[in-house]
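The opening residue of the sequence shown carries number 2 in this note's numbering; numbering runs sequentially from there.
Derived from the structure by calculation, the hints contain no laboratory data. Note that CB positions come from ideal geometry on N, CA and C, so glycine has one too. Misleading hints may appear alongside valid ones.
No farther apart than 25 Å at their CA atoms in a straight line, the calculated lysine-lysine pairs in the PhoX-like style are these [stated by the list, open to error]: (1) K470 - K459; (2) K539 - K459; (3) K84 - K459.
Across the chosen pairs, the derived CB separations fall in these ranges [what the hints assert, rightly or not]: (4) L32 - S184: 49 to 55 Å; (5) A216 - V330: 28 to 34 Å; (6) E62 - G480: 53 to 59 Å.
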Amino acid sequence: MPSLTVPARLARRDVAKHPWRSLVAVLFFALPIALVTLLGFVNTSSTYFLGDQHSRIELAEEGTGTDMERIRAVLPDEELMVKAYTLATVHSGDTTAYLNVVYSSTGADTLNLSEDMAHALGVGQGDAVEIQAPWEETPRDFAVSLEEDGSALRLSVPMEEIVSADFPDYVEWSSPNPNLELSTPDVQSHPVMVDGPEPSTLVWDILSGSTAFEAASLVTLGLLALIVLAAMISPIFAVAARRQYHSMRLLSINGAVPAQLRWALYLEALMIATAGIVSGLALGVAGFFLTAALGDYLITGFVIPFDIILVAIVSSLFCALAAAVIPAVQAARLRSESEARLRWRWPMILGPVLLLLGLLLAISASDWAVMGYGIFGIGAVTSTPALLWLLSRWAARGPVALRLALRDLFRQVHRTAPAIAAILGLSFVIGAMSLGSPYQYVQGDGSHTTPVVNAQAKAYLADSAPVEKEIQELSQAIGGVPPVYVYRDLDDSTQVIEPARLPDYLRYTTTDLDAEGIAEAQRALERGEVVESQFGGKITAPREGQRTYLDRALFFPTQELTMRQEFSARRTNQELIDVSFFPDHLHRLREHYIIPLTLLSIACLAVMILLAVLSVGETRADLSIMWAIGAPPRLLSRIAAMQSLLIAVIGVFSGFAAILILQFLARGGSAGDVPWSLWLLLLIAVPLLGWASGGITAAASHRTRSRRR
C-alpha cells in the first residue's frame, strides 16, 4: 500500500479549493441521512399524540339510574368531564338548519361557521342566530364567527343534564386524571397508555419477517437505488480525478505512483461522505425535536435507532466509494489523451450480462422473479458505457453544435456516462411505479368495479331544496345519472331511502347480499320494516310526519366517468355540497402524474445542472482555439444546452425502453397498462429541462467569468 500522506493532502486541497462543489456533494449525503434519522427517532422515541390525556370512563349497556348516578356510585370524589355529540337546531330568519354540536361540561360557548354554512343561513360575521338544544324549551342567541376550517358549535352544559338516553350519538365520560383505573360490572376506566421508548428493530423485523427470496429482492432493489444515487454524484469525482491527474503527473517526477491518485479520490469521497453523515445526523436529530414541538408527536424518551442509522451510514459509504471507484481507477492509469477516449473495453459487457440475467429471472415463474426486476434495473444502469459506445459510431453527423456536443459527450464519458446512468435509473424506477391501473375503486371481491360519485351536504337544512338543486346540477354534468338521496331521521339518525333506490345503495354498501337478498330487503322496506345494512346502519322508508334532513346523495354511473365529465362536475355550483369521486381523476393526475413528473424533473434537473457546472470549464478549454479564430461567443451555451438535452433524451428513453421490455416480456402486460400520457409528458419535459438547464448554466458561467476579467 502506498503512503497516504500525499493522497490525503491532495484530497484536502481539492475539497478546500472547490467549496461549492464539495458542499453540493455533502448535501447529497446529508439530506437522505437526515430524513432516515428523523424517521428513526420518530419510530423509537415518540408516539403519535391525539387529543387530551384523559382517562376514558365506560358504562355498561344495562344499568340503573342516570350516567352521573352510576359513576358517582363508584367514583364519589373523582373530577369528571363529559362530552355529547348530537344535532342542534339553528334558526336564522326563515331558514332552519341542523348543526353538529359538541355539548361539554367544560369550556365556553363558541360558534364558528364556514362561509358556505353562513351563506346557507344568510348570515355574516357578527350576525346573530338562534340555537336550540334538543332538551331546551327556548332557543339561545349566538353571534356568528366565520372560520375557514368548517362549522363547529360547542355548548357548555351542566354535567347533570347530559344523559345518554337523550342523545342518539355517543356520550363520552372521562376524567382529567390520566392514571385512573377502575373495573366494576357497571363502570370501567382505563388509564392513558403512552408507549415508552423502544429500541429500533425495524431492519431486523423486515428481514426476519421475509422469506429468503423476499429479503434478496429487497436487497437487490436497495442496491439499485444506491447505484442510481452513486451515479448522480459520480461526475463530481470524475472531474476531480481529471484535475488531479495533472497534479500527479508533476508529482510523479518526485516518485509519486499512480495508485496514490486512486487513494486521493477514495479519501476525498470518504471525507465528503463523513461530512454528509455527520451533518445529516445533526439535521435529523434537530428535525425530530422540531417535529415533536410543532406536530402531534409526544417524546417518550431518547432511544437511538442504531440499526436504521447503521444501514444509512453503510449505504452512504457504499455510494461514496462506488461513485469514486471508476474515476479513481481510470485516473490512476497515466495514459495519453487518445488512449482515454471512448472505446470498447471488456468490463462494458457486465451491464448487458446483468440485463439478460435479470430478464431471464423476471420472466421465470419462480418466487425469485421480483429479484429479477432489480437485477434488470442494475443491468440497465450499468449498461450505459456500452450504450454510449454504440452511439459513438454516429457521432460525426449533424450541425456544428450537435457534433461538438456529441464529441464532448463521448470524449468526457467519465462525467457524462454517470449522468446518463442516473437519469436512466430514475426513469426506470418512475416507469415501473407508474405501470398498471391502481386507480379504480373495487367493490367486494374485486369481480367488478363500481364508479361512485358522493355529494355530501355541507349544511343540513330543514328545507333541502337548495341542496337538491345543486345535486341535480351535478347529475346533469355527469350525464344525467339519477341520484340516490340518503336522508337522516332527526330523532335517531336512521337512514331514510326510497325503496326503489335501495338496490343501488345496497350494492354499494354491502358485500354479503346477492341479488335475491337485495330484492328481499327492498320488499321489506316497502312493507315499512327496518333494514340492516352491513356497513350503512339501519335503513327505513320515508313515512308521514317523519322529521328528516338530507345527508348526502350517491350516483352510480354505469361506467367510469371520463376526465372531462369529472372536471365539468367539479365546476358546478357546490356551495352546499362536498363532492368526491371514485375513481378520482384529479387524485390520479396528482398522485400518479404530477408527483412522478415533479420528482423525476427535480432529480434530473439537479443531475444536469451539476453536470453543466462541472463540464463548462473543460468545454471552455476545448473551445479556446475556436474562439480565437472567430467562433461565436454563444457557442459554449449552445453546446452545453445540446449536451444536457442529449443526456436527458438518452437517459429517459433508455429507462422507459428498459421498463417496457419488462412490461411486455416479464409481466405479460398490454399496451393499455402503460400510462402513455405521463410518459409522453416526461419524454418532453425532462429533455426540455435539460436543454434549458445546460444553456442557462453555461451562460451564467460565461457572464461570471467575463465580470472577473
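Comparing the hints with the structure gives:
In summary, the hint linking K470 to K459 is supported, as the alpha carbons are separated by about 14 Å, within the 25 Å threshold. Among the hinted pairs, K539 with K459 is consistent with the structure: their alpha-carbon atoms are about 22 Å apart, no more than 25 Å. About 23 Å separates the Cα atoms of K84 and K459, which keeps this hinted pair within 25 Å; it holds. The hinted window of 49 to 55 Å between L32 and S184 holds, with their beta carbons roughly 50 Å apart.
Hint check: A216 to V330, Cβ distance near 31 Å, so the stated range 28 to 34 Å holds. Taking 53 to 59 Å as the suggested C-beta distance range, the pair E62 and G480 does not conform, at roughly 47 Å.
Checked against the numbered hints above, the structure breaks only hint 6 and satisfies the rest.
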